[in-house]
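There are 2 protein chains.
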Amino acid sequence: MDYIEGGWPYSNPKDLDFFKAMKEYSLTRARLAAFGSTRRKGVRPRDDESLNAIVKADVPVAVIFGKSWTLHVEKVLETTWEENLAMIAESVEYLREHGMEVIYDAEHFYQGYIEDPERALESIETAWRAGARVVVLADTNGGTPPHEVYRITAEVKRRFPAMALGAHMHNDIGCAVANTLMAVVAGARHVQGTINGVGERTGNADLTAVLPTLELKMGFRVLRDEPPPVKFGRLRELSRMVYEALGRQPNPYQPYVGDFAFAHKGGVHADAVMKVPRAYEHIDPALVGNRRVVVVSEMAGGASVALKAAEELGIPLDKRHQAVRRALEEVKRLEREGYSFDEAPASALLILLKHLGLYKERFRLTEWRVVTGPTPAAFAVVKVKVGGREMLEAGEGVGPVHAVDVALRRAFTAAFPELLRVTLRDYRVVLPTTVKSTESVVRVTVEFTDGERVWRTVGVSSNVVDASIKAIVDAYDFALQLQSLKKAAEVQGVGHLA
Amino acid sequence: MDYIEGGWPYSNPKDLDFFKAMKEYSLTRARLAAFGSTRRKGVRPRDDESLNAIVKADVPVAVIFGKSWTLHVEKVLETTWEENLAMIAESVEYLREHGMEVIYDAEHFYQGYIEDPERALESIETAWRAGARVVVLADTNGGTPPHEVYRITAEVKRRFPAMALGAHMHNDIGCAVANTLMAVVAGARHVQGTINGVGERTGNADLTAVLPTLELKMGFRVLRDEPPPVKFGRLRELSRMVYEALGRQPNPYQPYVGDFAFAHKGGVHADAVMKVPRAYEHIDPALVGNRRVVVVSEMAGGASVALKAAEELGIPLDKRHQAVRRALEEVKRLEREGYSFDEAPASALLILLKHLGLYKERFRLTEWRVVTGPTPAAFAVVKVKVGGREMLEAGEGVGPVHAVDVALRRAFTAAFPELLRVTLRDYRVVLPTTVKSTESVVRVTVEFTDGERVWRTVGVSSNVVDASIKAIVDAYDFALQLQSLKKAAEVQGVGHLA
Chain L
1 MDYIEGGWPY
11 SNPKDLDFFK
21 AMKEYSLTRA
31 RLAAFGSTRR
41 KGVRPRDDES
51 LNAIVKADVP
61 VAVIFGKSWT
71 LHVEKVLETT
81 WEENLAMIAE
91 SVEYLREHGM
101 EVIYDAEHFY
111 QGYIEDPERA
121 LESIETAWRA
131 GARVVVLADT
141 NGGTPPHEVY
151 RITAEVKRRF
161 PAMALGAHMH
171 NDIGCAVANT
181 LMAVVAGARH
191 VQGTINGVGE
201 RTGNADLTAV
211 LPTLELKMGF
221 RVLRDEPPPV
231 KFGRLRELSR
241 MVYEALGRQP
251 NPYQPYVGDF
261 AFAHKGGVHA
271 DAVMKVPRAY
281 EHIDPALVGN
291 RRVVVVSEMA
301 GGASVALKAA
311 EELGIPLDKR
321 HQAVRRALEE
331 VKRLEREGYS
341 FDEAPASALL
351 ILLKHLGLYK
361 ERFRLTEWRV
371 VTGPTPAAFA
381 VVKVKVGGRE
391 MLEAGEGVGP
401 VHAVDVALRR
411 AFTAAFPELL
421 RVTLRDYRVV
431 LPTTVKSTES
441 VVRVTVEFTD
451 GERVWRTVGV
461 SSNVVDASIK
471 AIVDAYDFAL
481 QLQSLKKAAE
491 VQGVGHLA
Chain D
1 MDYIEGGWPY
11 SNPKDLDFFK
21 AMKEYSLTRA
31 RLAAFGSTRR
41 KGVRPRDDES
51 LNAIVKADVP
61 VAVIFGKSWT
71 LHVEKVLETT
81 WEENLAMIAE
91 SVEYLREHGM
101 EVIYDAEHFY
111 QGYIEDPERA
121 LESIETAWRA
131 GARVVVLADT
141 NGGTPPHEVY
151 RITAEVKRRF
161 PAMALGAHMH
171 NDIGCAVANT
181 LMAVVAGARH
191 VQGTINGVGE
201 RTGNADLTAV
211 LPTLELKMGF
221 RVLRDEPPPV
231 KFGRLRELSR
241 MVYEALGRQP
251 NPYQPYVGDF
261 AFAHKGGVHA
271 DAVMKVPRAY
281 EHIDPALVGN
291 RRVVVVSEMA
301 GGASVALKAA
311 EELGIPLDKR
321 HQAVRRALEE
331 VKRLEREGYS
341 FDEAPASALL
351 ILLKHLGLYK
361 ERFRLTEWRV
371 VTGPTPAAFA
381 VVKVKVGGRE
391 MLEAGEGVGP
401 VHAVDVALRR
411 AFTAAFPELL
421 RVTLRDYRVV
431 LPTTVKSTES
441 VVRVTVEFTD
451 GERVWRTVGV
461 SSNVVDASIK
471 AIVDAYDFAL
481 QLQSLKKAAE
491 VQGVGHLA
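Chains as they are written, first to last, in UniProt numbering: chain L, 1 to 498; chain D, 1 to 498.
Please keep in mind that the hints were generated in silico from the structure rather than gathered at the bench. Keep in mind that a hint or two might mislead.
[What the hints assert, rightly or not] Derived coverage of chain D by chain L (criterion: at least 3 residues anywhere in the stretch with Cβ under 8 Å from a Cβ of chain L; other residues may be distant): (1) 198-206; (2) 213-223; (3) 277-289; (4) 416-429.
[Stated by the list, open to error] So the derived list for chain L, only partly shown, Cβ under 7 Å to chain D, looks like this: (5) His72; (6) Pro145; (7) Pro146; (8) Ile173; (9) Gly174; (10) Cys175; (11) Arg201; (12) Gly203; (13) Lys217; (14) Trp368; (15) Val370; (16) Val371; (17) Gly373; (18) Asp466.
[As the list claims (entries may be wrong)] Only pairs whose alpha carbons sit at most 25 Å apart, straight line, appear in this in silico SDA-like list of lysine to any residue: (19) L/Lys217 with L/Ala154; (20) D/Lys56 with D/Gly7; (21) L/Lys275 with D/Glu115; (22) D/Lys75 with L/Pro277; (23) D/Lys157 with D/Glu118; (24) D/Lys217 with L/Ala154; (25) D/Lys275 with L/Glu83; (26) D/Lys14 with L/His321; (27) D/Lys14 with D/Arg31; (28) D/Lys354 with L/Thr375; (29) L/Lys332 with L/Lys354; (30) D/Lys217 with L/Pro117; (31) L/Lys75 with D/Lys275; (32) L/Lys14 with D/Val331; (33) L/Lys360 with L/Arg453; (34) L/Lys41 with L/Gly131; (35) D/Lys487 with D/Asp318; (36) D/Lys75 with L/Arg292; (37) L/Lys332 with D/Ser50; (38) L/Lys486 with L/Arg292; (39) D/Lys332 with L/Ser50; (40) L/Lys360 with L/Val386.
Glycine residues also receive a C-beta, built at the ideal position from the N, C-alpha and C atoms.
Turn these sequences into a full structure, and let the hints guide you.
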């Protein structure tokens with residue numbers, strides 16, 4: 001990245017802490033930028049707290065926004081057009097005098113241009129002549145359609161051919177990514193956005209879509225130096241990291257980096273993808289650190305289940321196999337009860353293994369009880385059958401699910417020490433039905449990892465603790481089944497299943 | 001809507017059931033369409049199961065897809081270009097002979113055109129001459145950037161000015177909505193999409209964004225007859241209905257219809273929005289059945305909390321009020337512990353009421369215990385203080401949360417009969433922290449309604465049952481506080497708070 005904008009130090013003191021903390025790091029490429037507005041009306045720049053907060057951030061770059069739209073000058077700032085131009089010019093000059101590179105964001109530029117093109121142009125010319133290195137045309141309310149973004153950006157480029165233009169787009173009509181691309185086609189060479197499109201209202205332009213499209217489809221070189229595939233090879237990982245930091249769930253439908261971005265459903269289609277990937281995939285998923293998945297659902301034919309199994313377990317499998325058909329019927333039946341295997345293929349694979357006769361029972365949770373109350377502590381008793389022996393174990397946890405998990409792990413310690421490095425990565429609960437009450441069915445999806453592989457399982461029950469435990473039991477079971485299959489393959493191969 | 005495509009009867013027998021079920025309804029406007037492919041290679045149309053399944057659907061319109069891309073003809077179909085053209089022509093003719101209107105979807109048209117424009121054009125000309133009423137250019141793998149969609153669609157329009165063109169876009173690079181709009185700008189007058197953009201991989205063009213943009217921003221008349229605001233006045237409701245039917249959570253960041261589509265954060269900004277809505281909102285939210293919300297979060301100034309309160313409770317409030325500042329501090333502290341008030345403003349309002357001295361304790365849950373196990377039944381004991389009296393109540397439920405809810409409602413019956421019509425509408429659990437294990441903190445958000453008003457509250461705990469109960473207790477508390485405030489306002493007004 002060329003620039004990292006670290007926040008608005010005047011409006012949020014935490015952002016100033018960020019710039020302080022960043023002193024510890026030496027960035028090899030990116031330049032840090034602090035955000036803010038032009039000075040307030042009737043105030044000298046050196047007396048303006050917002051501008052001084054930018055200077056105080058002590059970074060090489062300032063990004064400031066100012067007004068292009070007469071409506072804002074008259075009704076929001078309640079000042080004259082002349083004062084607005086002075087605010088722009090003096091603010092850019094002040095920051096330049098403090099040695100900063102200035103990027104000027106022309107707020108609501110497109111609306112301003114549509115209502116009064118000459119004044120809108122005058123505002124950005126003012127910023128430019130005052131020394132702004134880039135003039136960024138912002139669609140601040142996100143309501144401009146892509147052909148209008150193209151037309152207006154191209155008109156600005158014709159009027160000021162030497163002006164370095166940028167694009168800052170919001171997603172209010174679902175066009176932030178496309179509007180950014182159209183601005184680039186019209187001459188912009190600087191794009192602003194966020195990872196995953198995180199931003200107020202409907203979000204900003206999602207850089208995880210803008211950047212690979214510019215490079216892989218439009219012939220631009222973005223993110224200096226490194227060539228693809230290195231360049232975008234960790235894009236999905238970056239996207240995940242940002243979701244984790246925000247405590248938000250990743251969007252499985254997200255372009256390029258989402259779980260389903262390269263998912264194929266339905267038997268015929270899945271067959272064809274394997275044969276000629278280029279015929280169905282707009283890029284090789286590996287270029288952005290993603291991968292192809294075959295989704296198991298009621299729409300899918302036997303081919304999908306078979307492909308999934310082949311991929312995950314290394315079992316070559318005839319899709320017309322009777323066991324595959326029976327497994328699919330069970331999947332469909334469970335989906336009507338609220339299960340969703342699209343999000344939890346490992347649970348579907350357990351079903352398939354059972355129908356194939358490849359499932360080897362390694363343990364069974366035969367009983368459990370939990371007592372819990374308003375303090376975090378909860379107590380669980382579990383009865384687990386391992387290798388023909390029934391064990392009674394107790395667990396104490398910070399909640400009922402944790403208490404059962406602790407008791408289960410205690411029961412596993414001797415027999416399956418390898419499960420101790422298996423950990424939960426994600427946990428989600430949804431009400432899958434339209435009739436909603438505290439007695440509705442809930443669906444719990446969990447994601448586990450052993451450090452290398454990641455798998456997801458699902459449990460459904462009217463009892464949230466019961467659903468959670470079903471999903472967790474499936475997750476441990478899946479880990480053990482994989483292990484059994486691996487051993488079986490080492491001993492005799494599994495080709496006889498085909 | 002002009003057309004409703006009800007599925008692919010050949011590939012999914014459930015879709016045939018849909019067409020059968022629809023015989024019970026008389027549609028005043030929309031025409032039902034059945035989907036399918038052109039005939040298989042080397043088969044006569046009358047012997048082709050897929051074409052006959054379309055005929056058997058017994059609807060007025062057929063939508064069939066065929067090949068425009070030589071790669072698909074050679075590598076997927078493994079046939080000749082001549083046979084491909086025959087498949088297209090004969091399939092369109094066969095369906096027309098059965099009295100159907102035919103819409104022809106040119107699969108992978110844009111990729112096909114880029115690699116071999118003459119053959120791609122020949123394929124759609126064949127469909128057109130065979131009698132297809134509309135030729136729909138499909139970006140089937142969703143990888144074409146918007147300027148290319150415009151260029152290619154415009155070239156097709158120039159070549160065949162009399163051909164009725166349509167657009168069918170996928171969202172693999174995040175441009176499905178914009179690509180649909182660009183195709184319309186280039187001459188398409190038929191758009192295909194889905195409500196909420198639901199579709200395989202990253203989804204199809206989202207009609208909840210395409211349609212209002214075409215009408216409100218681009219001057220087209222869509223959805224015959226009714227003028228805005230009637231036309232889109234229930235768009236948000238429609239979006240919700242589709243999410244409910246699918247058992248999916250609505251996307252709060254969705255353009256036009258999402259919870260946050262017209263959300264304003266931050267004090268200064270929120271002030272200005274109230275003053276000049278047009279300066280910040282790209283449309284009046286009421287046009288699409290949505291509404292403005294002021295989001296309470298750590299970024300927000302006192303103004304946001306005050307506005308929220310003013311809006312929800314009818315309390316005129318000075319944003320510099322010390323109680324507002326203290327409430328905001330508490331909100332910030334709780335957000336660091338995993339709470340998120342953006343999604344649960346009612347819980348934030350309870351905090352504000354406490355700091356304002358307006359909170360009147362109506363009940364207190366002092367103790368609860370739950371015993372649960374793998375059968376759905378769970379038992380709860382709750383101790384509730386109502387009007388100075390402490391009551392011990394028992395509840396049996398299908399899970400621990402339900403059991404506590406049942407016991408609570410029993411305790412409320414005598415004192416607050418009005419709470420009996422308050423019901424849960426939505427329930428979500430997420431892990432808000434990056435460190436994930438079964439002992440992590442979980443955040444539960446619930447949505448309740450009394451039939452008129454809808455409110456959301458939040459609870460955080462390491463115990464999923466505890467977090468759920470905190471959220472539910474807040475929800476009941478909010479209903480009772482609203483009632484108290486309403487009574488107080490009737491007696492003496494609340495203007496003294498300002």
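Verification of the supplied hints:
1. Residues of the segment 198-206 of chain D lying with their CB closer than 8 Å to a CB of chain L number 5, which satisfies the three-residue condition for coverage.
2. Only residues whose C-beta sits within less than 8 Å of a C-beta in chain L count toward coverage, and the segment 213-223 of chain D has 3 of them, enough to reach three; the restraint holds.
3. Figure legend: the segment 277-289 of chain D, annotated as covered by chain L; annotation consistent (6 residues with Cβ-Cβ distances under 8 Å, at least 3 required).
4. Counting residues of the segment 416-429 of chain D whose CB lies closer than 8 Å to any CB of chain L gives 7, so the stated coverage by that chain holds, three being the minimum.
5. With a cut of 7 Å, the hint placing L/His72 at the interface with chain D holds, because the nearest CB-to-CB distance is about 6 Å.
6. Interface restraint check: L/Pro145 against chain D, minimum CB-CB distance 6 Å, threshold 7 Å, status holds.
7. Because the closest C-beta pair between L/Pro146 and chain D is about 5 Å apart, less than 7 Å, the hint holds.
8. A least Cβ separation of about 5 Å between L/Ile173 and chain D falls short of the 7 Å threshold, and the interface hint therefore holds.
9. Annotation: interface hint on L/Gly174 holds; nearest CB of chain D at approximately 4 Å, less than 7 Å.
10. For L/Cys175, the interface hint holds, the least distance from its beta-carbon to any beta-carbon of chain D being 4 Å, beneath 7 Å.
11. The restraint placing L/Arg201 at the interface with chain D holds, with a minimum CB-CB distance near 6 Å, inside the 7 Å limit.
12. Using the Cβ-Cβ criterion of 7 Å, the hint placing L/Gly203 at the interface with chain D is satisfied: the shortest such distance is roughly 5 Å.
13. For L/Lys217, the interface hint holds, since its Cβ comes within 7 Å of a Cβ in chain D; the closest pair sits about 6 Å apart.
14. Residue-level restraint check for L/Trp368 holds (minimum Cβ-Cβ distance to chain D is 6 Å; threshold 7 Å).
15. Annotation: L/Val370 was flagged as interfacial toward chain D, and the flag holds, the nearest CB pair being 5 Å apart, inside 7 Å.
16. For L/Val371, the interface hint holds, the least distance from its beta-carbon to any beta-carbon of chain D being 5 Å, beneath 7 Å.
17. Evaluation of the L/Gly373 hint against chain D yields a held restraint, the C-beta minimum of about 5 Å falling below 7 Å.
18. The interface hint given for L/Asp466 is met, as the beta carbon of that residue sits about 6 Å from the closest beta carbon of chain D, less than 7 Å.
19. For the proposed pair L/Lys217 and L/Ala154, the alpha carbon gap of about 21 Å is at most 25 Å, so the pair holds.
20. Annotation: proposed proximity of D/Lys56 to D/Gly7 holds, straight-line Cα distance about 13 Å (limit 25 Å).
21. Of the pairs offered as hints, the one joining L/Lys275 and D/Glu115 holds, with about 20 Å between alpha carbons and a cut-off of 25 Å not exceeded.
22. Proximity of D/Lys75 to L/Pro277 is assessed by CA-CA distance (about 11 Å); at most 25 Å being required, the pair is judged to hold.
23. A threshold of 25 Å between alpha carbons decides the hint, and for D/Lys157 with D/Glu118 the separation of about 14 Å falls inside it, so the pair holds.
24. With a C-alpha separation of about 20 Å, the suggested pair D/Lys217 and L/Ala154 falls inside the 25 Å cut-off, and the hint holds.
25. For a cut-off of 25 Å, the pair hint linking D/Lys275 to L/Glu83 stands: about 21 Å separates their Cα positions.
26. For the suggested pair D/Lys14 and L/His321, the alpha carbons sit about 23 Å apart, so the restraint of at most 25 Å is met.
27. With a C-alpha separation of about 19 Å, the suggested pairing of D/Lys14 with D/Arg31 holds against the 25 Å cut-off.
28. With a C-alpha separation of about 23 Å, the suggested pair D/Lys354 and L/Thr375 falls inside the 25 Å cut-off, and the hint holds.
29. A hinted pair counts as satisfied when its Cα atoms are at most 25 Å apart, and L/Lys332 with L/Lys354 qualifies at roughly 16 Å.
30. A distance of roughly 18 Å separates the Cα atoms of D/Lys217 and L/Pro117; the hinted pair therefore holds under the 25 Å criterion.
31. Between L/Lys75 and D/Lys275 the alpha-carbon distance is near 8 Å, which keeps this suggested pair within the 25 Å criterion.
32. A hinted pair counts as satisfied when its Cα atoms are at most 25 Å apart, and L/Lys14 with D/Val331 qualifies at roughly 15 Å.
33. About 21 Å separates the Cα atoms of L/Lys360 and L/Arg453, which keeps this hinted pair within 25 Å; it holds.
34. At roughly 20 Å between alpha-carbon atoms, L/Lys41 and L/Gly131 fall within 25 Å of each other, so this suggested pair holds.
35. Note on D/Lys487 and D/Asp318: the hinted pairing holds, with a Cα-Cα distance of about 22 Å set against a maximum of 25 Å.
36. For the proposed pair D/Lys75 and L/Arg292, the alpha carbon gap of about 20 Å is at most 25 Å, so the pair holds.
37. For the hint pairing L/Lys332 with D/Ser50, the CA-to-CA distance comes to about 23 Å; that is within 25 Å, so the pair holds.
38. Proximity of L/Lys486 to L/Arg292 is assessed by CA-CA distance (about 23 Å); at most 25 Å being required, the pair is judged to hold.
39. With a C-alpha separation of about 23 Å, the suggested pairing of D/Lys332 with L/Ser50 holds against the 25 Å cut-off.
40. For the hint linking L/Lys360 to L/Val386, the alpha-carbon distance of about 12 Å falls within 25 Å, and the restraint holds.
Hint check: no violations occur; every hint is consistent with the structure.
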